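Q: The task is simple: from the sequences and hints, build the whole structure.
Number of protein chains: 2
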Amino acid sequence: MDGGSPRPPRRPEREGSYNCDIESMDGSVAGGGPPWRSQNGSAEALLRYDDGGAGDRGSTREPLLRKRTMNTTSQIAIVGANVCPIESLDYEVVENDLFKQDWRSRKKKQIFQYIVLKWSLVLLIGLLTGLVGFFNNLAVENIAGLKLLHTSRLMLKERYFKAFFVYGGCNLVLAASAAAICAYVAPAAAGSGIPEVKAYLNGVDAYSILAPSTLFVKIFGSILGVSAGFVLGKEGPMVHTGACIANLLGQGGSPGVAAAFRAPVGGVLFALEEAASWWRSALLWRTFFTTAVVAVVLRGLIEFCRSGKCGLFGQGGLIMFDLSSTIATYSTPDLIAIIVLGIIGGIFGGLFNFLLDKILRVYSIINERGAPFKILLTITISIVTSMCSYGLPWLAACTPCPADAVEQCPTISRSGNYKNFQCPQGYYNDLASLFFNTNDDAIRNLFSNGTANEFRMSSLFIFFTAIYCLGLVTYGVAVPSGLFIPVILAGATYGRIVGTLLGSISDLDPGLFALLGAASFLGGTMRMTVSVCVILLELTNDLPMLPLVMLVLLISKTIADNFNKGVYDQIVVMKGFPYMEAHAEPYMRHLVAGDVVSGPLITFSGVEKVGNIVHALRITGHNGFPVVDEPPITETPELVGLVTRSHLLVLLNSKNFMKGQVKTSGSFVLRRFGAFDFAKPGSGKGLKIEDLDFTDEEMDMYVDLHPITNTSPYTVVETMSLAKAAILFRELGLRHLLVVPKTPDRPPIVGILTRHDFMPEHIHSLFPNLNPHKYHSASMAG
Amino acid sequence: MDGGSPRPPRRPEREGSYNCDIESMDGSVAGGGPPWRSQNGSAEALLRYDDGGAGDRGSTREPLLRKRTMNTTSQIAIVGANVCPIESLDYEVVENDLFKQDWRSRKKKQIFQYIVLKWSLVLLIGLLTGLVGFFNNLAVENIAGLKLLHTSRLMLKERYFKAFFVYGGCNLVLAASAAAICAYVAPAAAGSGIPEVKAYLNGVDAYSILAPSTLFVKIFGSILGVSAGFVLGKEGPMVHTGACIANLLGQGGSPGVAAAFRAPVGGVLFALEEAASWWRSALLWRTFFTTAVVAVVLRGLIEFCRSGKCGLFGQGGLIMFDLSSTIATYSTPDLIAIIVLGIIGGIFGGLFNFLLDKILRVYSIINERGAPFKILLTITISIVTSMCSYGLPWLAACTPCPADAVEQCPTISRSGNYKNFQCPQGYYNDLASLFFNTNDDAIRNLFSNGTANEFRMSSLFIFFTAIYCLGLVTYGVAVPSGLFIPVILAGATYGRIVGTLLGSISDLDPGLFALLGAASFLGGTMRMTVSVCVILLELTNDLPMLPLVMLVLLISKTIADNFNKGVYDQIVVMKGFPYMEAHAEPYMRHLVAGDVVSGPLITFSGVEKVGNIVHALRITGHNGFPVVDEPPITETPELVGLVTRSHLLVLLNSKNFMKGQVKTSGSFVLRRFGAFDFAKPGSGKGLKIEDLDFTDEEMDMYVDLHPITNTSPYTVVETMSLAKAAILFRELGLRHLLVVPKTPDRPPIVGILTRHDFMPEHIHSLFPNLNPHKYHSASMAG
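Chains as they are written, first to last, in the numbering used here: chain A, 180 to 961; chain B, 180 to 961.
Honestly, the hints are just simulated from the structure, not real lab data. Values in this document were obtained by computation on a predicted structure and should not be read as measured data. Be aware that a few hints might be false.
[What the hints assert, rightly or not] Result set (DSS-like, lysine-lysine): computed pairs, CA atoms no more than 30 Å apart in a straight line:
id, chain 1, residue 1, chain 2, residue 2
1, A, 297, A, 287
2, B, 834, B, 788
3, B, 838, B, 788
4, A, 287, B, 537
5, A, 788, A, 842
6, A, 537, B, 287
[Unchecked claim] Over 10 Å on every C-beta distance to chain B, these chain A residues come out as not near it, computed from the model:
id, residue
7, 337
8, 363
9, 475
10, 725
11, 726
12, 742
13, 831
14, 895
15, 898
16, 922
17, 923
[Claimed, not checked] Here are some chain A residues pointing at chain B (derived, C-beta under 7 Å):
id, residue
18, 577
19, 910
20, 943
21, 944
The C-beta atom is built at its ideal place from N, Cα and C for all residues, glycine as well.
A: Listed below in structure tokens is the structure:
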């Protein structure tokens, strides 16, 4: 998040109206704070000086007012269009005795099997994602094509009102169906999905993010939504779809981090630049393999459709332009034009993000009132969109067809540069070529080469205004909706406007200006640089303009970064995901780990009474418990490690209890369990404490926790700077970080830090006098 | 290093013959082990059971034989062609009281200045690297062009022997000059430089890696070496040059991590895939900016040269092909041909790495005998190369010029597809087109399109054999030498052989086959995937063949990974750099941090006697010392933190000592010093303990270390698994990791882990019974 101006995340509005899938309401929210305590309105008057527990902190430390020690940060977030409880993911290796039974120390044959399985899964993910991507395009092209064909036929007969009703009616039905399956089947599928995937890869999980129902709605909702003529794209939903497929297939084995993307190299870079929080060289290689498979599958299927076996599939639906411009040199006026474009992109991009944030906040109030309201909102936006795309072209006068047009002019079929619309033979309606079309075709028209005078300035201005506004109001509706297409559309339009205005001083083609405009607006909203470059390169096959795209991206990103964060980062914050930033905020340097640890802490003995464990699991939602050996077993209290809820549940379920509090050799556990018994269950699966029943006799017995305790948890001393603890937590992908005391003669553990303890809202509620603005701009220099 | 079969690194042979720059011989080698104790031949008979200090470790832990507790790993490595002492880099933020005086908490104006300075530096790095890259090409094209022109003129007059003497003599003089400046001015500039940059980015520093003298020799040595007709490239040296420039400019501020690369997007990816060990989103953005600047500068200068103002600059020297093939489909036979290419690439690549390792080990013995031997070796290889490139074309018969040749045939000037050589008018020598040319032109000829029958099979076979062997024997000589060009040359040649053989069943052009062959050999030797793809894409401007390149890379990399590591990883190991791998070896899971801590440990009191500090700094080369507060100051011994050698030296130099052992408020330090006094000095600069003099009176005084102590060092408990400690160390880019005791009533610090303590050779010398092969293949599944 280079250069963004961070601010404390606001909690999702009205989080009481909680209506997420019932399966995930098991109360097993992330450890640390108590579940579901989120009213921060009740300010406590009990301000006290922070002097407790953290030992000697040096003389120059500023006195900070400390409010209370309970972590009251929200344990819920908006996933898609719904409020859901969230959990943290755990990338830490649990090193307990059982781990030594792991496959890693097994025979070559098993390792070989594992490798084959892993790569088969990666291959399968690529194949399936490629197929889904193709199916999506095929369906959209056919549905939208039929709709436009029917409307055009009615217009040819001059039955304009009937044509509008057919057009608007189709859109409305499609939009309502999309909203209905989204609202009733999987609210998590609404929106782009990129913020959710980004949060997931940062370690924030909600059952619904990658669930099969989400996948289903993401695929069909996206098809319906795009066919309904909304100003939205299918790129974001495709990213989410790929992640869902990867998760679904990867459930048996390792957590499914590698998600599949569509554009080959650009996809890898996108994953790297925007989505992933942790990255390893091996992942680059695996992601690359997956994207290569996707690219080959798509290519093969499109080739198959060339022969006309796919209905109205036509140009392929996948944006694939061949600008093949011949510019080898650019003059100084060109560079000035590009700088102007970059500045416009930065300003419009920053404004777009600002307005989107406001609109999404209003929408979340509507969406939270229930599924009918969601559908109503979607229908309203659909009607507005239909009115714009059918009504606004009437404002444009008919233009005579150019004599040297390469394409047919006018066209009455669904695509083409020169739309007939209401015009007589030999004339075309330039605004209809943009509005009365699929978004992909509109982009293709804007990018088209050698069509310098195709669009009037007035038409371009009308289209830009309409798309900018429609893009803003469409994103928040309960339909899978990507932001790439609206942003490219709006950017390409003002790019063409600038190109036409500067046509006298610049030699570049307006089509190239449209491309640069799209790049500048992408840079201004999404703030991605390298991946946008490569994606545009792959889409347009035009290498010589790479330096120009780079320049325009640099300018627009730099300018927009002065206003606000990138759009995805902003949505992540707005949705309330406890996202760990890559850098620590400067005010964290003035706090230590002991300052933010919240209690009361529940620990277990190395050999613990079953009743105590069951009680602790029932009353808290914590996922990790420190294990401490105490005097009967050791001389002084000693930290053994950390035990996780899921391991405890498996152990309790086996009911291998003992009468007395004695340490066993642990071998019975090793005998009774295989490594897979403790393997991570798929999300939403696994044992729950409610599933287990114990007799009173059993509750009085003891169980040895040593064999399942992770004896190598990461620890920090309580006087460790919070900033450094945060870096450790984030870089290693932890879920729990143990805080140990600095001085002896105290219990061997002070507390546990979880993701929520690092959230600015928690820290600021503990230390209201900590002025974030004082250290504010320093993060720009990160 | 996905899938490589790791093995313990061997120490550089004959490390006693140490002849590195005298400035870096200050003995300040990395902390942890004692400096300069590297004979591991003297095996100690004193085997004892490891039972000390590490507390309760669970009952299932295997007993391991422990040999000794001194870390005897080598503190030196081969940099370029010379043996040098190495140090570790430190990416950890030193959080002491002074840190709060840092610019980060200062005014907006200063932060703004910092940002402007930072971006200006990034811009300057890009500009300079672009200029150097252009200058390099300009010089090579002119020198090599003149040489070839003179030789060709003599050949036209049929004075063949004189021609050979002119040709071989030029080569010899150029080679000898390159070797001389390399051997006498900066031995660190020999070789590709990529392994050194990779090690540097992993945290291994040697003064000479990025020194100005290295930069000088890298630029001019590379020009001379390439002009001398060696089978070597300028790409690796350019990477090293960019890193040197970045380091030189960045010395004032933050460590110069961002290095400049030549190809825009491919360069960024190369940095990411091959070079960098840590990576942040902000770096991606900054690296991208730098590469964009380099691309624009190069483009502008080449444009300038088009007008013929640059002598023999001609085609530009930068490999830039325009295949612009029109293949849209590929059939099954094409795919089979590509799979064959991938397999060949994997086998040849694995073999190349194996042979290169052997040859480099022999060369290092020769090179260590001194500069004259280095020059002699270089001259020998130069003569062999001249004989091959002048002599072998005589084996080829003259071929009649094709009737439909687009280019001039035959050409007598230096470049062109159809070299005249000894042939009569109307005929050309196909082998001379490859040999008697610059390497760039040879590659361009191999990649050329629509020239299916230009090269005979016999010529291609001869060329491949010669280049494969010359590439192997050339790399280790004392000249800046990249591996990209030999690998591309050899790969393109066998690609064309396969293409010609399969010409009857495949529709693809032999030029495309040459490209795919180059890709397969790059995959087989360097094991890079994504960056090779993008670099080839940028060089050839041929997007439709992307899936084919992906496929061939996947196959060749997968096959070659079964044999050995990538060539750069292998060289890093062979040179003895203590490189921290991204994953922990499985045997590390069976050890704990306390097992490998070595030393007698030197600690300081919070208020320490000057004499003790001076003594410790003089007798050890350690760079970090734990600070412990003891009973006069606190009730029980308590760990304050870590103090670094450089900070101690600055504090001692100020001579603000006290008579008694009392803790001060620390404010005098804050008053006396600004933040910049403690800023990291440039490599090779900064205070040394030998520079400081103290009176006996001063030696008896005390100094308060609290203000300069990093109070937030990262710590692990002694029972933490070594694997997890290694991950922590690597992911956070640490130099020192403190090990604290598990049980109270012991000194508050057990030891310090440094990079050397994680090296396999150290661990295996401590635990000779630890069988690495038992856990060997598990890492393949990483």
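Q: Now look at each hint and say whether the structure bears it out.
A: Each hint tested on the structure:
1. A:297 to A:287: Given that 30 Å is the threshold and the Cα spacing comes to 15 Å, the pair holds.
2. B:834 to B:788: Within the cut-off at roughly 12 Å; holds.
3. B:838 to B:788: 10 Å, holds
4. A:287 to B:537: 29 Å, holds
5. A:788 to A:842: 12 Å, holds
6. A:537 to B:287: 29 Å, holds
7. 337: For residue 337 of chain A, whose nearest Cβ neighbour in chain B is about 42 Å away, the distance exceeds 10 Å, so it holds.
8. 363: 38 Å, holds
9. 475: Violated: least Cβ distance 5 Å, not greater than 10 Å.
10. 725: 6 Å, violated
11. 726: 5 Å, violated
12. 742: Answer for residue 742 of chain A: holds, closest chain B Cβ roughly 16 Å.
13. 831: Non-interface label stands for residue 831 of chain A: nearest chain B Cβ at 21 Å, farther than 10 Å.
14. 895: Non-interface label on residue 895 of chain A violated, nearest chain B Cβ at 7 Å vs cutoff 10 Å.
15. 898: 6 Å, violated
16. 922: Violated, since 6 Å does not exceed 10 Å.
17. 923: 4 Å, violated
18. 577: Since the shortest Cβ distance to chain B is 37 Å, the answer is violated.
19. 910: Constraint on residue 910 of chain A satisfied, holds at 5 Å.
20. 943: 18 Å, violated
21. 944: Residue 944 of chain A check fails; min Cβ-Cβ to chain B is 23 Å, beyond 7 Å.
Checked against the numbered hints listed earlier, the structure breaks hints 9, 10, 11, 14, 15, 16, 17, 18, 20 and 21; every other hint is satisfied.
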